[in-house]
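Undergrad: Assemble chain B onto chain A, guided by the hints.
For the protein sequence lines, the chains are A and B, in the order given.
Using this note's numbering, read the first sequence as starting at 151 and increasing by one per residue.
Using this note's numbering, read the second sequence as starting at 936 and increasing by one per residue.
Do not take every clue at face value.
As the list claims (entries may be wrong) - Once the Cα atoms are required to be at most 27 angstroms apart in a straight line, the calculated DSSO-like pairs of lysine-lysine come out as:
hint, chain 1, residue 1, chain 2, residue 2
1, A, K341, B, K956
2, B, K1020, A, K194
3, A, K201, A, K216
These aren't lab readings, by the way, just hints derived from the structure by calculation.
For clarity, every value in this text was computed on a predicted model and none was experimentally measured.
Chain by chain, the residues:
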Amino acid sequence: MAVKKIGTQTVKFNSPPVIIGTSTTVGPKEGEGPLSEYFDIILKDDLYGEKSWELAESKMLRETVKAAVKASGKKMSDMEYMFSGDLLNQSMSASFAARDLELPFFGLYGACSTMTESLSLGSMIIDGGYADNIIAVTSSHFSSAERQFRFPLEHGNQRKLTAQWTVTGSGAAVLSSFGNGPEIRYVTTGKVVDLGIKDANNMGAAMAPSAADTIVKHFEDTGLPTDYYDLIVTGDLAQIGKEIAEEMVLDKGYNILKNYNDCGLLIFDNLAQDTHAGGSGCGCSASVFCGYIYKEMMKKNINKVLLISTGALLSVTSTQQGQSIPGIAHAVSIVNKGS
Amino acid sequence: MKKQITRVNKEKEYEEYVKNKVPKPNYLLNCLWAFFVGGVICTIAQFINNLLKNSGLNKTDAGTVTVIIMIFLGAFLTGLGVYDKLGKKAGAGSIVPITGFANSIVSPAMEFKREGYVLGVAAKMFSVAGPVLVYGFGSSVIIGVLYYFFIR
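One chain only, chain A, in its complex shape (with noise of 0.2 angstroms):
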């Protein structure tokens, strides 16, 4: 029997896993951003030392997991399961890292959702007692989304006022059964929603219905108030976005004017960085997660946060053949021991 489901969506853990220990890579660009100090490790060279971005993405997502686990102060082998993913088609950076680090490996693709994804099942596995230790870990490159969803880089067209920068950066989390840090309290799994949005340069509002739908989800299966959370922060909705998401969850009864926000206006100085609308990617919500977010829980100035990574779940095919732009969210509340 479901014991552990709450309304309709929502899973609420007996035994909360704690997040033991986090890390984080990013790009120079993002190394620039004004969450620069949070960060672990800013590569000079978003190459990485590789003979592809592809490759350079794999490689930052391997370190990530390897720093992350040393953050952790486990070892490797303590870890029983991966879950992972990331942009590219059929997550090369994810699987080829899975490859090098020998771990038990579940390859998920939920577009830019995926570190509240590897997040959900992670902590659904430990909390039904199936493992101690996994690692959640995800990560996305500039370089290599851009030739894959878009135009060669020296190809000199103009960005659309509505367009978002794909951040190079990769974040991890190790989860434990036992330890100190931050408990992922409830997860709310969160469905696709398409309200026919086909602009890829407008992916906020391609994914805003499937965050706000998730958010006021989540408040009605766990019963808490808007005001329970100190941030409310979505994965990578951007300007546009993130409007669209804060009208649509107070149109639902849910005022969360106050304390949300979007990893994707955190991450860069949109105006200074000529970003556009804001950051997007796998690597947004989690190096902001595992890096900022993460960091100052760990210092408790900030104690619950509610995480939403948002994905749109478009591919090149589905882009070409006219089709509209599918959202999807997943929300994971994480709250300090204690608070």
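TA: Leaving out everything else, chain B in the frame of chain A:
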């Protein structure tokens, strides 16, 4: 009777709602940039053309050599990583001249070099410019046939 909310209605409504949220680009500034950069590129070409004509080439040959030089410049600036920065500011101003055409062929060729010279460079070279070539050649054939039958 209560209005029924169908999926299509909902999507239309959302599209309208999103439209109001999208920031408007500064069209005037963009046009000025396009005019200025596009104009400069054409002025350079004209300068080269005049120079060639003055050094003794006839009109047709001077035109051909000018085009070759401009294509080289476009490709060269793409290789140096300058043309994409120019394109970001100028938009159509740097896409429409023949230098932009060179950029659209050289940039994918550079990007896909890591996939090898056959499956990367050669196969992907026309991924951006290909449609222009296909429909350009296609329409020139149609016009040619029409010319042959009706005007000649």
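Undergrad: Is K341(A) within 27 angstroms of K956(B), Cα to Cα?
TA: Roughly 24 angstroms separates the two Cα atoms, so the pair holds.
Undergrad: Would you check the hint for K201(A) and K216(A), treating anything up to 27 angstroms between C-alpha atoms as holding?
TA: holds (21 angstroms)
Undergrad: Just to be careful, I want the Cα atoms of K1020(B) and K194(A) compared with a cutoff of 27 angstroms; is the pair within it?
TA: Holds, at roughly 21 angstroms.
Consistency note: the structure conflicts with none of the earlier hints.
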